[in-house]
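As a plain string of letters, each chain reads:
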Amino acid sequence: MSVSSVKTGATGISLLTGNAFYDPGDFASIATGTVAAGATASVITFSSIPTTYTHLQLRMLARGTASDTMYVRFNNDSGATNYDNHRLNGNGSTVGADGRINYSALFVSSRGYGISSTVNIGSAIVMDILDYGNTNKYKVTKTISGQEYNSGSTDDIEYTSGSWKSTSAVNRIDVSLATSTLAQYTHIALYGVKA
Amino acid sequence: MPGTYEPIATSSPTSGNSVTFNSISSSYTDLIIVSSIRTDKTSASSDTYALRFNGDTNSNYSAVIMRGDGSSATSFKSSGTTMFCGEVADNNNTSGIFSPNIVSITNYSNSTTYKTAIIQNGGNNYLERCAGLWRSTSAINSITLMMNNSASSFVSGTTITIYGIKAA
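These protein sequence lines map, in sequence, to chains A and B. Residue numbers for the first sequence, in my numbering: 1 to 195. Residue numbers for the second sequence, in my numbering: 196 to 363.
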């Protein structure tokens, strides 16, 4: 049986008797945030994240109003020493490795020009947040990110581990940029992965 | 009802050096290509796994690569008529070894941005991570996976699968 939304007119299936069993699957879409054409956003927030999954994955195509570094924060925590990360990166000529200990956010694509402001080009980022609902250990992340401009000077591929030094279950994720704002065509999708 | 992460198509080539998936639906948000690859190449010359979108054979592809070989790390660039996806196992390597390769293409069907791919590869004694760019705003509806050396052929055991991921 189908149902219609009084608010939007959209139709979908009902979960009442008469329809096939619906299994959302082991890799499920939780929510998506986008920045529309001509718009900007200072932050994209995913809130009220359910604890029904084992891991989370953020999949992004991100652009900035300026070339920038991405910040990811959990549960709106901007404590000055609550995030660490370590990073490998290649820029087309050299390989670098560094770390940031005791920072106020997780840094992603952090060479300063990692998030693209170039028209028509976005930075691709996939972040895994492991065991996010566990209340006995700090949360760890694994991120692969890249931006290729065919420029030779600002291209970059990065592999980053991160930690949020809190035992709280992650129920909110904020994605923003260090000094600028998220630009049009940014698309960030949050998925849940079941064990 | 379809799931969020589902297979679109699979190929298990036992010969030839390219596989093309056509008529890719635009109903997903991201694409993931998972390959397990080995070729019959026996020469020491370089040979790379690569891809093309929508049959575009022009010089619209580039990539930045980070590579580790067990003792040192390097980074270099690639550009040309295909997107670099990595060095893969061949008949110079121990029998039975295939290269794992995963290509992730975010927002592949939008028509406003160039397409950026993240590539993870291991093969021919290298570990590689790459970011690739196809300088086209066209929605991707066809993907060709290929060896850049026309003398190389896929061998039995090679598998290539495309998955689609939907967003809410």
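If you're looking for bench data, these hints aren't it; they were derived computationally from the structure. One thing to keep in mind: the hints can contain errors.
Heads up, simulated DMTMM-like pairs for lysine to aspartate or glutamate below, C-alpha to C-alpha not over 20 Å straight-line [unchecked claim]:
no., chain 1, residue 1, chain 2, residue 2
1, B, 361, A, 84
2, B, 361, B, 201
3, A, 194, A, 84
4, A, 142, A, 131
5, A, 165, A, 131
6, A, 194, B, 201
7, A, 165, A, 84
8, B, 361, A, 26
9, A, 137, A, 98
Derived coverage of chain A by chain B (criterion: at least 3 residues anywhere in the stretch with Cβ under 8 Å from a Cβ of chain B; other residues may be distant) [stated by the list, open to error]:
no., segment
10, 71-78
11, 130-143
12, 153-165
13, 169-183
14, 186-192
Which residues of chain B face chain A? A few of them, derived with a C-beta cut under 7 Å, are [as the list claims (entries may be wrong)]:
no., residue
15, 270
16, 272
17, 297
18, 301
Since the model is a prediction, treat every value here as computed from it, not as a measurement. Where a beta carbon is used, it is the ideal one built from N, C-alpha and C, also for glycine.
Quick rundown of the hints versus the structure:
1. B:361 / A:84: Judged against 20 Å, a Cα distance of about 31 Å means the pair is violated.
2. B:361 / B:201: Satisfied, since the Cα-Cα distance of roughly 9 Å is no more than 20 Å.
3. A:194 / A:84: violated, 26 Å
4. A:142 / A:131: holds, 12 Å
5. A:165 / A:131: holds, 14 Å
6. A:194 / B:201: holds, 15 Å
7. A:165 / A:84: Cα-Cα ~8 Å, so holds.
8. B:361 / A:26: holds, 13 Å
9. A:137 / A:98: violated, 24 Å
10. 71-78: Since 0 is below three, the answer is violated.
11. 130-143: Contact hint for the segment 130-143 of chain A vs chain B: violated, 0 residues under 8 Å.
12. 153-165: holds (count 4)
13. 169-183: Since three or more residues must qualify, the claim that chain B covers the segment 169-183 of chain A is violated, with 0 doing so at under 8 Å.
14. 186-192: holds (count 3)
15. 270: With a closest approach of 3 Å, the residue 270 of chain B hint holds.
16. 272: holds, 4 Å
17. 297: violated, 10 Å
18. 301: holds, 4 Å
Violated hints, listed in ascending order, are 1, 3, 9, 10, 11, 13, 17; each of the other numbered hints is respected by the structure.
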